[in-house]
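Residue numbers (the numbering used here): 28 to 142.
Incorrect hints may appear among the rest.
Unchecked claim - Computed cross-link-like contacts, SDA-like style, restricted to lysine to any residue with a CA-CA straight-line distance of at most 25 Å:
no., residue 1, residue 2
1, LYS48, GLU67
2, LYS108, GLU84
3, LYS80, ASN101
Said to hold, decoys possible - Now the in silico label distances, taken between C-beta atoms and shown as ranges:
no., residue 1, residue 2, range
4, GLU84, CYS113, 18 to 26 Å
5, GLU105, THR74, 38 to 46 Å
6, ASP96, PHE43, 50 to 58 Å
7, GLU49, GLN104, 42 to 50 Å
8, LYS85, ILE111, 14 to 22 Å
9, GLU52, THR74, 35 to 43 Å
10, GLU78, PRO131, 15 to 23 Å
11, GLU52, LYS120, 41 to 49 Å
12, LYS48, THR74, 27 to 35 Å
13, PRO131, THR71, 17 to 25 Å
14, GLU134, ASN69, 20 to 28 Å
Source of the hints: derived by calculation from the structure; they are not laboratory data. All C-beta atoms, glycine included, are put in the ideal place defined by N, C-alpha and C.
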Amino acid sequence: VRRDTGEKTFLSIDAFIHSCKETLEDIQQSIYNSRLIFREENTTDVTTYDELKEVIEKGGFARTFWAGDSDMENRIQEETKATIRCILFEKTKESGLCVMTGKPSTEQVIFAKSY
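Use the sequences and the hints to build the structure in full.
Structural data, given as structure tokens:
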């Protein structure tokens, strides 16, 4: 039974041996694609602290510009239970204002709760 689709398949040992690698690669790609879609559908760009809190409360991912420090991050964690889950490697050409300090920033982060 595949973990990604629930599809049950009956194979002979020879057929299993010949199809195992391809099937595992297909399962891996299927799971990756579904998680990628989930991430994109549940990530919201936010520009204010109130928007960030709203997204976190709903259980989503909040992408925002960040120029804060550890004290600011600790405040967010205390108030929302969310932390920085990811610092985006792909730098955007645009800049924005930090959701906490209001300072200009080109660095973006994703806040979310850890479960």
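Legend entry - Contradicted hints - numbers only: 1, 5, 11 and 12
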